[in-house]
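*Asks:* Letter by letter, the chains look like this.
There are 2 protein chains.
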Amino acid sequence: MKKLINDVGTIVTDALTGMAAANPGLRVDIANRIVYRASGPRQGKVGLVSGGGSGHEPLHAAFVGYGMLDAACPGEIFTSPVPDQVIEAGKEVDGGAGVLHIVKNYTGDVLNFRLAAELAAEEGLEVASVLVNDDVAVRDSLYTAGRRGTGATVFVEKISGALAESGASLTEVARVATEVNKRSRSFGIALTPCSLPGTGKPTFELSDTEIEIGVGIHGEPGRARAAAGPVRELVGIAMDAIDEDLPLGDDTLVMVNGMGGTSLIELYITFAEVDAYLRGKGANVSRALVGNYVTSLDMQGFSVTVCRLNDELTRLWDAPVETSGLRWGR
Amino acid sequence: MKKLINDVGTIVTDALTGMAAANPGLRVDIANRIVYRASGPRQGKVGLVSGGGSGHEPLHAAFVGYGMLDAACPGEIFTSPVPDQVIEAGKEVDGGAGVLHIVKNYTGDVLNFRLAAELAAEEGLEVASVLVNDDVAVRDSLYTAGRRGTGATVFVEKISGALAESGASLTEVARVATEVNKRSRSFGIALTPCSLPGTGKPTFELSDTEIEIGVGIHGEPGRARAAAGPVRELVGIAMDAIDEDLPLGDDTLVMVNGMGGTSLIELYITFAEVDAYLRGKGANVSRALVGNYVTSLDMQGFSVTVCRLNDELTRLWDAPVETSGLRWGR
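Which chain is which? The protein sequence lines are A and B, in order.
For the first sequence, position 25 (counting from the first letter as 1) is numbered 25 according to our numbering, and the numbering increases by one without interruption.
For the second sequence, position 75 (counting from the first letter as 1) is numbered 75 according to our numbering, and the numbering increases by one without interruption.
Incorrect hints may appear among the rest.
Capping the alpha-carbon separation at 25 Å, the derived lysine to any residue pairs in SDA-like fashion look like this [stated by the list, open to error]:
| id | chain 1 | residue 1 | chain 2 | residue 2 |
| --- | --- | --- | --- | --- |
| 1 | B | K201 | A | G200 |
| 2 | A | K201 | B | P41 |
| 3 | A | K182 | A | A288 |
| 4 | A | K182 | A | E92 |
| 5 | B | K2 | A | G108 |
| 6 | B | K2 | A | R232 |
FYI, nobody ran anything at the bench for these hints, they're computed from the structure.
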């Protein structure tokens, strides 16, 4: 097994050490495994806390910063953070206006964030939660009751983060976060499994000619195995599934996301097909991201996430953001 | 072979189509394979033109934009652009203050950019060139006489781009570009080969326990094959080679670069080791990048690039940049 690691037991803390060294804008509590903005909480601002298993970087820790998250709680690889992390993060980022939990719909995450919210509430912290469940590939899965939460998490964190920055109330920030999720859908296709740093073993098996249609971000099964084909076909499968669930049209925020091991030139080719598909539906790419945003370690493949924008969401998407994973100017 | 492509013959133009669709700030001349800023040349500003084989994305096309390149000329995968592309790009971006060619030291690139510069000069265009040759791994290689040009290209494009934006003369912009190259060194280590989209074949063979020390960005051989080891050892090998060539110390710009197929969590772990190494040498990480910047398709591994900063270079590094590959606010 060949990985850029020192010790399987210290992967997450070693990565946090590197993240701290590379980002003076962050304060990284390595003992408790929480990444904060170095600037600390701002009085009157809603605090945004997210988290989830490691191995999906830049999600979530690289989205901590101005205009996005206040704290991120990474678990072990593909393992939920524990309630203590989430409680501690919430207390630290509370500026008196309450805290929003942004939770991807995986059973472990849902249970641990819920427990954290309840325990924090008992200590007097006001907490609201938004559940992200944008993946239309499967109804239930190995790790989930209901739809899985994937790429839309980036949109929810960015857009609700912008609103929180403007001083909006917890109710308002939670409303917008929910609205983004409601308007967003995702679908992923894997060309290869990922390999876990601990074992070096692939998370599932695919032959040299097979792909996994509707794969989850931990490599969990999707809708079907199929023969590999041209990317135009793969994009057609993904976009048909999305369009069937949420009819496409008008201004669309589009992310073509790499799963960690796919070359960027392939993602651009994929984006061209998504753009052509949307135009065919009378929709248009209004805002776009192409790159690795919600990864599955070194899996090869892509996911596409769309969000049907309105004026409010577009304005909040365009608002300044300063994180290591997403950044544009004030 | 499983790749996100439609046709081996249209990989570069399909990718350019996607890049155009995703980036309204770019004007993409697909027929001539040139990526420009949509805003066009600015009168009195030196135009920056770079280019090279495709497969290294985000280099170069994603670094076209305010504060960085004016145009990029992608060749076929791992193949130099032709002189016609470079001549055309130079004419288009000339704002009357001349054009700087930023050229990675590979024989094909050097010859084609030189020919382009000569032909453009005959037509009255003022052209200066900077050759980037930061890779200390090998003296000559399969594709190069002298050192190869790798990660420092990102630094050269960013820093000289910032100076050009301020209205400096071609002589000044070329001086700073040369200075950045002089102060920069790189070293790369591959865990796996990359696979070419055309053939699906790996560019070289490595066993499950072997790594390539000093690999080039096309998978060309480095200094040695070695057994895989903890990343601390690998970073030690890379940084020792750099330090031997350019003694490390003081404020350092550091890039830990993924080769396209390595997970981001591994790159953070690698960065932690680079930071520890530098501190051991009395140097410090003054500015940092962690991610995929100069890739080799889907190769797994990393390269580290350092630049010993001075006040001028730091100020120019911090200047605003608005490209899809590198961006921070004005």
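*Asks:* Taken at face value, is the distance from the CA of G200/A to the CA of K201/B at most 25 Å?
*Replies:* With a Cα-Cα distance of about 22 Å, the restraint between K201/B and G200/A holds, given a limit of 25 Å.
*Asks:* What's the verdict on K2/B and G108/A, does the C-alpha distance respect the 25 Å limit or exceed it?
*Replies:* Since the Cα atoms of K2/B and G108/A sit roughly 33 Å apart, the hinted pair is violated (cutoff 25 Å).
*Asks:* Given the hint that K2/B pairs with R232/A, does the C-alpha gap stay at or below 25 Å?
*Replies:* holds, 13 Å
*Asks:* So if I understand the rule, the pair passes when the alpha-carbon distance is 25 Å or less; does K182/A with E92/A pass?
*Replies:* violated, 29 Å
*Asks:* Is K182/A close enough to A288/A, meaning Cα to Cα at most 25 Å?
*Replies:* Since the Cα atoms of K182/A and A288/A sit roughly 19 Å apart, the hinted pair holds (cutoff 25 Å).
*Asks:* Next pair to validate is K201/A with P41/B; report whether the Cα-Cα distance is within 25 Å.
*Replies:* violated, 51 Å
Checked against the numbered hints given earlier, the structure breaks hints 2, 4, 5 and satisfies all the rest.
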